[in-house]
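Asks: Make the full structure from the sequences, and use the hints.
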Amino acid sequence: MGGWEIYCAICGGPFSSQVEMDPEGTEEDSYRYDVLKDCDLGWLDNLCALGFNLEAGGVDNYHDFAEIGEPHVFPFHPICYHDILLRCLKQDKPGKKIRGDVLFNVLEGLNGGRYVRLQLSYGEPEPRAEQVWCQQKGHEVLVVNPVIIPQIDADLDFIKKSLNQNANSSQIPPREDIFDKLPHELRHEIFKLLPAGSILALKSASWAMHITTLSRDFWRDRLRSEVPWVWEIHDINVFQSQESEDRASKLLLDIQKKSAYTSESDDYILGFANRRRIWGVCEQIRARYVEGLACISDLDS
Numbered sequence: 116m117g118g119w120e121i122y123c124a125i126c127g128g129p130f131s132s133q134v135e136m137d138p139e140g141t142e143e144d145s146y147r148y149d150v151l152k153d154c155d156l157g158w159l160d161n162l163c164a165l166g167f168n169l170e171a172g173g174v175d176n177y178h179d180f181a182e183i184g185e186p187h188v189f190p191f192h193p194i195c196y197h198d199i200l201l202r203c204l205k206q207d208k209p210g211k212k213i214r215g216d217v218l219f220n221v222l223e224g225l226n227g228g229r230y231v232r233l234q235l236s237y238g239e240p241e242p243r244a245e246q247v248w249c250q251q252k253g254h255e256v257l258v259v260n261p262v263i264i265p266q267i268d269a270d271l272d273f274i275k276k277s278l279n280q281n282a283n284s285s286q287i288p289p290r291e292d293i294f295d296k297l298p299h300e301l302r303h304e305i306f307k308l309l310p311a312g313s314i315l316a317l318k319s320a321s322w323a324m325h326i327t328t329l330s331r332d333f334w335r336d337r338l339r340s341e342v343p344w345v346w347e348i349h350d351i352n353v354f355q356s357q358e359s360e361d362r363a364s365k366l367l368l369d370i371q372k373k374s375a376y377t378s379e380s381d382d383y384i385l386g387f388a389n390r391r392r393i394w395g396v397c398e399q400i401r402a403r404y405v406e407g408l409a410c411i412s413d414l415d416s
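Under our numbering, the first residue of the sequence shown is numbered 116, with each subsequent residue one higher.
Rather than coming from a laboratory, the hints here were simulated on the basis of the structure.
Check before you lean on any hint, since a few could be wrong.
[Unchecked claim] Here are the simulated SDA-like pairs of lysine to any residue, each with C-alpha atoms no more than 25 Å apart in a straight line:
#1 K211 - K372
#2 K365 - L317
#3 K365 - A316
#4 K365 - E406
#5 K372 - D272
Keep in mind that this is a model prediction, so the values were computed, not measured.
Replies: Shown next, in the form of structure tokens:
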């Protein structure tokens, strides 16, 4: 029967960009060429791994089999590990070093049947844990680069340019609006009740709310809570002008909609939908990783 293919422990995807694509888009067991023709698949060819062997030495080597009971090696796509998992693990403390031993023990405890998949939910569409990679029409999202996403780059470039253009320009406040009479304390209470996209929309529509300052910590925490996978926008100061607030508001609302996979249509951004799915896997790993760190702290105290 042959050996089993190796899949990324984080995204569940294959380690090969050589996938079957159907030009006609009618075959159920092939990806549609029209969907993937402009997509970057090269990221699938790259591999890194996490293992634990204090006695290892000499030239690196790898075998896809081992004796029962031996420690395992967990394969990842580099961008799944470095750009998504590590970012997720360190989201509260970006500068904190990752404990590789704790992470390894977490993954070891999540080993699933036949050791091709961790015992986690891999989101929708869920990669199938079969002997060979299953290509299915409508599941093209699984092989699209989740980090380099041209669609958001274009929007971010527009926002950054608008910030530069407005940095040295003075804005004339519009006529009075209903928020003028509210004290700043009540304005902040209103902000606390709104999602990030609505906060930006309100600021872009009301001069009084636009000049009501939000703390960096409040805004960062709101973005990390709602759209932690959209890290590109976390460090951009979009509050410099109402124009940039309006653009960022539309971007956030659009991302929320178009980062959600649906089997009913292709009206979503493939890269973002894949990133959002993978981030969900990483959050599950993170929860167990945090528990592992807590256990170590208890033992040391």
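Asks: Holds or violated: K211 and K372, Cα atoms, limit 25 Å.
Replies: violated, 32 Å
Asks: Is it true that the CA of K365 sits at most 25 Å from the CA of A316?
Replies: holds, 8 Å
Asks: Measure nothing beyond the straight line between the CA atoms of K365 and L317; if it is 25 Å or shorter, mark the hint as holding.
Replies: Holds: K365 and L317 sit about 12 Å apart, inside 25 Å.
Asks: Quickly compare the C-alpha distance for K365 and E406 to 25 Å and report which way the hint goes.
Replies: violated, 37 Å
Asks: Quickly compare the C-alpha distance for K372 and D272 to 25 Å and report which way the hint goes.
Replies: Holds: K372 and D272 sit about 21 Å apart, inside 25 Å.
In summary, the numbered hints that this structure violates are 1 and 4.
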